[in-house]
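S.K.: One-letter residues, chain by chain:
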Amino acid sequence: MNETLEHMNEKVSSGGSPKYHEKNQEKGKMFVRERLSQLFDDDLNIEDAFFANCMDGSLPADGVVTGIGKVNGEQVCVMANDSTVKAGSWGARTVEKIIRIQETAMKLEIPMLYLVDSAGARITDQVEMFPNRRGAGRIFHNQIKLSGRVPQICLLFGPSAAGGAYIPAFCDIVVMVDGNASMYLGSPRMAEKVIGEKVTLEEMGGANMHCSVSGCGDVLTKDEPEAIAYARNYLSYFPSNFRHPAKRQEPVRPASLEKTISEIIPDNQNAPFNMYDLIDRLIDEGSFCEIKKKFAPEIITGLSRIDGRTVGIIANQPRAKGGVLFPDSADKSAKFMQLCDAFNIPLLFLVDIPGFMIGTKVERAGIIRHGAKMLSAMSEATVPKISVIVRKAYGAGLYAMAGPAFEPDACIALPSAQIAVMGPEAAVNAVYANKIAELDEADRPAFIKEKHEEYKENIDIYRLASELVVDDIIQPDRLRDDLSLRFEAYSNKNVTFTERKHGVYPV
Amino acid sequence: MNEVKASMAGSVWKIVAQAGDQVKNGEDIAILESMKMEIPIPSEADGTVKELKVSEGDFVNEGDVIAIIE
Numbered sequence: 006m007n008e009t010l011e012h013m014n015e016k017v018s019s020g021g022s023p024k025y026h027e028k029n030q031e032k033g034k035m036f037v038r039e040r041l042s043q044l045f046d047d048d049l050n051i052e053d054a055f056f057a058n059c060m061d062g063s064l065p066a067d068g069v070v071t072g073i074g075k076v077n078g079e080q081v082c083v084m085a086n087d088s089t090v091k092a093g094s095w096g097a098r099t100v101e102k103i104i105r106i107q108e109t110a111m112k113l114e115i116p117m118l119y120l121v122d123s124a125g126a127r128i129t130d131q132v133e134m135f136p137n138r139r140g141a142g143r144i145f146h147n148q149i150k151l152s153g154r155v156p157q158i159c160l161l162f163g164p165s166a167a168g169g170a171y172i173p174a175f176c177d178i179v180v181m182v183d184g185n186a187s188m189y190l191g192s193p194r195m196a197e198k199v200i201g202e203k204v205t206l207e208e209m210g211g212a213n214m215h216c217s218v219s220g221c222g223d224v225l226t227k228d229e230p231e232a233i234a235y236a237r238n239y240l241s242y243f244p245s246n247f248r249h250p251a252k253r254q255e256p257v258r259p260a261s262l263e264k265t266i267s268e269i270i271p272d273n274q275n276a277p278f279n280m281y282d283l284i285d286r287l288i289d290e291g292s293f294c295e296i297k298k299k300f301a302p303e304i305i306t307g308l309s310r311i312d313g314r315t316v317g318i319i320a321n322q323p324r325a326k327g328g329v330l331f332p333d334s335a336d337k338s339a340k341f342m343q344l345c346d347a348f349n350i351p352l353l354f355l356v357d358i359p360g361f362m363i364g365t366k367v368e369r370a371g372i373i374r375h376g377a378k379m380l381s382a383m384s385e386a387t388v389p390k391i392s393v394i395v396r397k398a399y400g401a402g403l404y405a406m407a408g409p410a411f412e413p414d415a416c417i418a419l420p421s422a423q424i425a426v427m428g429p430e431a432a433v434n435a436v437y438a439n440k441i442a443e444l445d446e447a448d449r450p451a452f453i454k455e456k457h458e459e460y461k462e463n464i465d466i467y468r469l470a471s472e473l474v475v476d477d478i479i480q481p482d483r484l485r486d487d488l489s490l491r492f493e494a495y496s497n498k499n500v501t502f503t504e505r506k507h508g509v510y511p512v
Numbered sequence: 054m055n056e057v058k059a060s061m062a063g064s065v066w067k068i069v070a071q072a073g074d075q076v077k078n079g080e081d082i083a084i085l086e087s088m089k090m091e092i093p094i095p096s097e098a099d100g101t102v103k104e105l106k107v108s109e110g111d112f113v114n115e116g117d118v119i120a121i122i123e
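So the sequences go chain by chain: P and U. Numbering follows our numbering, with no gaps: position 319 of the first sequence is 324. Numbering follows our numbering, with no gaps: position 44 of the second sequence is 97.
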């Protein structure tokens, strides 16, 4: 045994000075190598450039660990910052290591994981790591190239500052640890100096803020083990790359719950119900892996399994903001549909939507282009798509939720479905406003009621089925079985959306 | 102290809790009507309703304070 090598191995693998290990421990942060052994089935199997910058005794591995290990039995590439080494900052070799592992992920077509905990660039090394061809910019260029080819996951355990904040931004999903994770372009200290704003880090770039307000974070976890467990579970739904079908597992029965689907859906279209209750009754028990739970809760997005088959669910939530679509919910939906479509995950739309929000606030926020973005992503998705009209589907809401014009493989209605340009109250008011105003006040309710009834007859779901608008009307309690059969039948779907370089997206 | 805010623009259709009531996290304080829908506005904390800032029929914008929980 070579003693020099043994000594170097030990030195490098123990990271930075003990005081930084202690500091991290106080914050509930694990050492980078501990994180990796929790993440992988056994451990990091292959590590390269372990000796990066080893001639400088103070920068073990140059502050980043890169290599390959197995998650759920499948190979994945990883880069993981070591915040005990100069706060996980990036020098020239740090950047080169990250670029190389990304290139490996590209060659092998296997998922790329980023375990981020870094203060950003080492300003002292800027000429070597910032502007050149293989400088930090190449990391982002590679991420953009990898996007949609292999899954890219970011686990944010600490800061991702300035340019570094773009690593999470280009990932499919960002998991943030509450209290420790943060993303920001300029620190609070810089914000005060440059623009005169006084603000705390948590308020400006904390995990909770990003997962509920900005939408830059997707999943908020209480600690690091929970974040790691989420990532392992998330990967279980995905193929290693876009060439393979989504994963399948052993079917599991749905949770046995007291009330049936018919019992949980209220008769009054305008009264809210909890969409999660419907989801629970359709999917394999315990299979829901939600994305962006705290952000724009009026739409629910998450991965699930139906009879063992991976299905991406996108569902209106009447309990939050009436299930109305807003700029943020349109944005959330667009990214989720792109994610599923990229990795061959079929989409299930559960529709109960009064439409897109109206009013000054949302018009100024550009709801039209955000809505257009959602429609684009939905329309372009060539994976199997099933739209289930649970209750109302009004106006552009029907379109956004994979209505019949957008080539869903099926548009199925429950008996409670109501498809229309707008709801009866709004429609009668729009058409007969003048007439109603002319009537004596005493005569109005009877007139309005009569027109409501006429309107309802006109949009009756059996009439729409008769006109072939919907492909089927089914008993609510048969919905899961029907979806399972349909997703099985559509699994051979193979279509190209259209021929071109790429669309011009209404982003 | 915790402020219960309107989640979207609309009019106050019903006030469910009264000043002095004990409420739990997730319990509805008021119901708005917007986009022809009932929009429940739940408390985000356990506590006592200290003050209601709106009356039935009022128009509220997204983010307007509806009640204060102590």
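These aren't lab readings, by the way, just hints derived from the structure by calculation. Cβ atoms here follow ideal geometry from the backbone N, Cα and C, with glycine treated the same way. Each hint should be verified, as a subset may be incorrect.
Computed cross-link-like contacts, PhoX-like style, restricted to lysine-lysine with a CA-CA straight-line distance of at most 20 Å [unchecked claim]:
hint: 1; chain 1: P; residue 1: Lys91; chain 2: P; residue 2: Lys16
hint: 2; chain 1: P; residue 1: Lys461; chain 2: U; residue 2: Lys89
hint: 3; chain 1: U; residue 1: Lys77; chain 2: P; residue 2: Lys454
hint: 4; chain 1: P; residue 1: Lys28; chain 2: P; residue 2: Lys91
hint: 5; chain 1: U; residue 1: Lys77; chain 2: P; residue 2: Lys366
hint: 6; chain 1: P; residue 1: Lys506; chain 2: P; residue 2: Lys456
hint: 7; chain 1: P; residue 1: Lys461; chain 2: P; residue 2: Lys150
hint: 8; chain 1: P; residue 1: Lys366; chain 2: U; residue 2: Lys103
hint: 9; chain 1: U; residue 1: Lys89; chain 2: P; residue 2: Lys456
hint: 10; chain 1: P; residue 1: Lys264; chain 2: P; residue 2: Lys299
hint: 11; chain 1: U; residue 1: Lys77; chain 2: U; residue 2: Lys106
hint: 12; chain 1: P; residue 1: Lys32; chain 2: P; residue 2: Lys227
hint: 13; chain 1: P; residue 1: Lys227; chain 2: P; residue 2: Lys203
hint: 14; chain 1: U; residue 1: Lys67; chain 2: U; residue 2: Lys89
hint: 15; chain 1: U; residue 1: Lys77; chain 2: U; residue 2: Lys67
hint: 16; chain 1: U; residue 1: Lys106; chain 2: U; residue 2: Lys58
hint: 17; chain 1: U; residue 1: Lys58; chain 2: U; residue 2: Lys103
hint: 18; chain 1: U; residue 1: Lys103; chain 2: P; residue 2: Lys299
A short list of chain P residues far from chain U (calculated; beta carbon distances all over 12 Å) [claimed, not checked]:
hint: 19; residue: Tyr25
hint: 20; residue: Ala92
hint: 21; residue: Met209
hint: 22; residue: Glu255
hint: 23; residue: Gln274
hint: 24; residue: Pro277
hint: 25; residue: Glu303
hint: 26; residue: Val329
hint: 27; residue: Tyr399
hint: 28; residue: Pro420
Some chain P residues close to chain U (C-beta under 10 Å, calculated; not the full set) [said to hold, decoys possible]:
hint: 29; residue: Gly78
hint: 30; residue: Ala325
hint: 31; residue: Gly327
hint: 32; residue: Gly364
hint: 33; residue: Gly428
hint: 34; residue: Asn463
hint: 35; residue: Ile464
S.K.: Are the hints correct? Go through all of them and say.
M.R.: Now for the hints, and whether the structure bears them out:
{"no.": "1", "hint": "P:Lys91 - P:Lys16", "result": "holds, 16 Å"}
{"no.": "2", "hint": "P:Lys461 - U:Lys89", "result": "holds, 16 Å"}
{"no.": "3", "hint": "U:Lys77 - P:Lys454", "result": "violated, 38 Å"}
{"no.": "4", "hint": "P:Lys28 - P:Lys91", "result": "holds, 13 Å"}
{"no.": "5", "hint": "U:Lys77 - P:Lys366", "result": "violated, 31 Å"}
{"no.": "6", "hint": "P:Lys506 - P:Lys456", "result": "violated, 50 Å"}
{"no.": "7", "hint": "P:Lys461 - P:Lys150", "result": "violated, 50 Å"}
{"no.": "8", "hint": "P:Lys366 - U:Lys103", "result": "violated, 29 Å"}
{"no.": "9", "hint": "U:Lys89 - P:Lys456", "result": "holds, 17 Å"}
{"no.": "10", "hint": "P:Lys264 - P:Lys299", "result": "violated, 26 Å"}
{"no.": "11", "hint": "U:Lys77 - U:Lys106", "result": "holds, 19 Å"}
{"no.": "12", "hint": "P:Lys32 - P:Lys227", "result": "holds, 12 Å"}
{"no.": "13", "hint": "P:Lys227 - P:Lys203", "result": "violated, 27 Å"}
{"no.": "14", "hint": "U:Lys67 - U:Lys89", "result": "holds, 14 Å"}
{"no.": "15", "hint": "U:Lys77 - U:Lys67", "result": "holds, 18 Å"}
{"no.": "16", "hint": "U:Lys106 - U:Lys58", "result": "holds, 10 Å"}
{"no.": "17", "hint": "U:Lys58 - U:Lys103", "result": "holds, 14 Å"}
{"no.": "18", "hint": "U:Lys103 - P:Lys299", "result": "violated, 27 Å"}
{"no.": "19", "hint": "Tyr25", "result": "holds, 37 Å"}
{"no.": "20", "hint": "Ala92", "result": "holds, 35 Å"}
{"no.": "21", "hint": "Met209", "result": "holds, 19 Å"}
{"no.": "22", "hint": "Glu255", "result": "holds, 35 Å"}
{"no.": "23", "hint": "Gln274", "result": "violated, 9 Å"}
{"no.": "24", "hint": "Pro277", "result": "violated, 6 Å"}
{"no.": "25", "hint": "Glu303", "result": "violated, 8 Å"}
{"no.": "26", "hint": "Val329", "result": "violated, 5 Å"}
{"no.": "27", "hint": "Tyr399", "result": "violated, 9 Å"}
{"no.": "28", "hint": "Pro420", "result": "holds, 21 Å"}
{"no.": "29", "hint": "Gly78", "result": "violated, 40 Å"}
{"no.": "30", "hint": "Ala325", "result": "holds, 7 Å"}
{"no.": "31", "hint": "Gly327", "result": "holds, 3 Å"}
{"no.": "32", "hint": "Gly364", "result": "holds, 5 Å"}
{"no.": "33", "hint": "Gly428", "result": "holds, 5 Å"}
{"no.": "34", "hint": "Asn463", "result": "violated, 18 Å"}
{"no.": "35", "hint": "Ile464", "result": "violated, 15 Å"}
Of the numbered hints listed earlier, those contradicted by the structure are 3, 5, 6, 7, 8, 10, 13, 18, 23, 24, 25, 26, 27, 29, 34 and 35.
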